[in-house]
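Peer 1: For the record, the sequence lines run as chains F and S.
Once you know that position 19 of the first sequence is 19 in the working numbering, the rest is easy, because the numbers rise by one and skip nothing.
For any residue, its number in the working numbering is found by taking its place in the second sequence, counting from 1, and adding 202.
Don't read these hints as lab results, they were simulated from the structure.
None of these values were measured; they are calculated from a predicted model.
Careful, some of the hints might be misleading.
So, partial list: chain F residues that the calculated Cβ filter (under 7 Å) puts toward chain S [stated by the list, open to error]:
| # | residue |
| --- | --- |
| 1 | Lys137 |
| 2 | Gly143 |
| 3 | Asn144 |
| 4 | Met146 |
| 5 | Asp170 |
| 6 | Gly181 |
| 7 | Lys182 |
| 8 | Thr183 |
| 9 | Val187 |
| 10 | Val191 |
| 11 | Ile198 |
Okay, derived cross-link-like pairs now, DSBU-like style, lysine-lysine, Cα gap no bigger than 30 Å in a straight line [claimed, not checked]:
| # | chain 1 | residue 1 | chain 2 | residue 2 |
| --- | --- | --- | --- | --- |
| 12 | S | Lys285 | F | Lys114 |
| 13 | S | Lys236 | S | Lys289 |
| 14 | S | Lys285 | S | Lys324 |
| 15 | F | Lys137 | S | Lys282 |
| 16 | S | Lys239 | F | Lys177 |
| 17 | S | Lys329 | F | Lys136 |
| 18 | F | Lys186 | S | Lys271 |
| 19 | S | Lys215 | F | Lys137 |
| 20 | S | Lys236 | F | Lys177 |
| 21 | F | Lys178 | F | Lys167 |
| 22 | F | Lys155 | S | Lys285 |
Every residue gets a Cβ at the ideal spot worked out from N, C-alpha and C, and that includes glycine.
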Amino acid sequence: MICLLKKILIASTSLVMLLSISTGFIGIKASAAELSASNSAQDVKNDTQELLNNLDYNSFAADYEVNGVQIFDDNYIEVDNTPAQGSLIVGPVNGASNPGGIQIMSAGSYAAKKGLKWAVNNTTAITNFVGRTLGKKAAVKVGNVMHSYVKPALKKLERVENLTYGKIEDAIYDALKKPLGKTGAKVAANVIVEAIEILSPV
Amino acid sequence: MEKFEELEDRIKKIEEEIEQIDRLDNDTFELTQKLEKVTSLLVEVVENNKSIDKNDIDFIVLKFDIDPKQYHEIPMLVSKKEKEYRKNGTFPTLKQFHQEVLETLSISELENNELLPIEVTKNLLEKYKKTDEYDYFAVCEKILST
Numbered sequence: 001m002i003c004l005l006k007k008i009l010i011a012s013t014s015l016v017m018l019l020s021i022s023t024g025f026i027g028i029k030a031s032a033a034e035l036s037a038s039n040s041a042q043d044v045k046n047d048t049q050e051l052l053n054n055l056d057y058n059s060f061a062a063d064y065e066v067n068g069v070q071i072f073d074d075n076y077i078e079v080d081n082t083p084a085q086g087s088l089i090v091g092p093v094n095g096a097s098n099p100g101g102i103q104i105m106s107a108g109s110y111a112a113k114k115g116l117k118w119a120v121n122n123t124t125a126i127t128n129f130v131g132r133t134l135g136k137k138a139a140v141k142v143g144n145v146m147h148s149y150v151k152p153a154l155k156k157l158e159r160v161e162n163l164t165y166g167k168i169e170d171a172i173y174d175a176l177k178k179p180l181g182k183t184g185a186k187v188a189a190n191v192i193v194e195a196i197e198i199l200s201p202v
Numbered sequence: 203m204e205k206f207e208e209l210e211d212r213i214k215k216i217e218e219e220i221e222q223i224d225r226l227d228n229d230t231f232e233l234t235q236k237l238e239k240v241t242s243l244l245v246e247v248v249e250n251n252k253s254i255d256k257n258d259i260d261f262i263v264l265k266f267d268i269d270p271k272q273y274h275e276i277p278m279l280v281s282k283k284e285k286e287y288r289k290n291g292t293f294p295t296l297k298q299f300h301q302e303v304l305e306t307l308s309i310s311e312l313e314n315n316e317l318l319p320i321e322v323t324k325n326l327l328e329k330y331k332k333t334d335e336y337d338y339f340a341v342c343e344k345i346l347s348t
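Given these sequences and hints, build the entire structure.
Peer 2: As structure tokens, this is what we get:
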């Protein structure tokens, strides 16, 4: 009987030992699996970091930023986070240089562009303004050079980006130097731009 | 080398001539402006039987020999006030505007320390306020009412 009990005790002890060993093995195996997973995650992380480090962000910006507007897709447009104060987004504008069809410009430039467009089609109103402010003779002089000198100069400016009234005045001055002389051109350009500013419906 | 020096001399001469042309251009402009003003005043007196007030702005600029390049500054000043009025609804008082006219013409005192009378500015505003089909300067009426 005692012998039988001894055998049972030895067998159970062996069983417990066996179970402990197998559990330990499984535990080690689980830990190894975890370690392996952890290692691969770390590898991925390292690889990603390396990839990110090697990326040239500027190349993306160069390809997709037009006039301060970042374009990630034809349908999604992200405007620069810090636009100039008083900036306006206007569009759509068709042009090869602007795949997004959106143009950003300052309020001053927008007003100048609108004023220019109005001026090209309303030169008579400008001449009348000159007559009203400087007299009939000045109006006749400006009227004589309006179609041959001023209008072509204004039309050339239609493609200029970031247009200002200063640029319009300079262009008119350059155009009028030949027919009116420097002093006359300076005064005429000043008055014509004043006329555009006050008369154009912006 | 000799030709090079000759070329340099020619360039120098051309530059001097350009300066002279600019001076003549300026003088011609000034004389033309004065002549046009005198002619228009004369026509007003003779043809239209209009008496020219001694406080008329055109007479003032001729009498005190104001730089003809500044003639257009006065209508531009009125125009700027009109722009401000249209944009913000603000306009200066007659006294403030008179001061700006004096500054624009670069005159603070006339002969014998006599100040340019405010009537000059009043006449100016009357001239530019709505009198015909144009209605550019509604601000003139507003300034005159202050």
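Peer 1: Could you run down the list of hints and mark each one as holding or not?
Peer 2: Structure-based check of each hint:
{"no.": "1", "hint": "Lys137", "result": "holds, 5 Å"}
{"no.": "2", "hint": "Gly143", "result": "violated, 16 Å"}
{"no.": "3", "hint": "Asn144", "result": "violated, 15 Å"}
{"no.": "4", "hint": "Met146", "result": "violated, 17 Å"}
{"no.": "5", "hint": "Asp170", "result": "violated, 17 Å"}
{"no.": "6", "hint": "Gly181", "result": "holds, 4 Å"}
{"no.": "7", "hint": "Lys182", "result": "holds, 6 Å"}
{"no.": "8", "hint": "Thr183", "result": "holds, 4 Å"}
{"no.": "9", "hint": "Val187", "result": "holds, 5 Å"}
{"no.": "10", "hint": "Val191", "result": "holds, 6 Å"}
{"no.": "11", "hint": "Ile198", "result": "holds, 5 Å"}
{"no.": "12", "hint": "S:Lys285 to F:Lys114", "result": "holds, 16 Å"}
{"no.": "13", "hint": "S:Lys236 to S:Lys289", "result": "violated, 34 Å"}
{"no.": "14", "hint": "S:Lys285 to S:Lys324", "result": "holds, 19 Å"}
{"no.": "15", "hint": "F:Lys137 to S:Lys282", "result": "holds, 23 Å"}
{"no.": "16", "hint": "S:Lys239 to F:Lys177", "result": "holds, 23 Å"}
{"no.": "17", "hint": "S:Lys329 to F:Lys136", "result": "holds, 15 Å"}
{"no.": "18", "hint": "F:Lys186 to S:Lys271", "result": "holds, 9 Å"}
{"no.": "19", "hint": "S:Lys215 to F:Lys137", "result": "violated, 36 Å"}
{"no.": "20", "hint": "S:Lys236 to F:Lys177", "result": "holds, 21 Å"}
{"no.": "21", "hint": "F:Lys178 to F:Lys167", "result": "holds, 18 Å"}
{"no.": "22", "hint": "F:Lys155 to S:Lys285", "result": "holds, 25 Å"}
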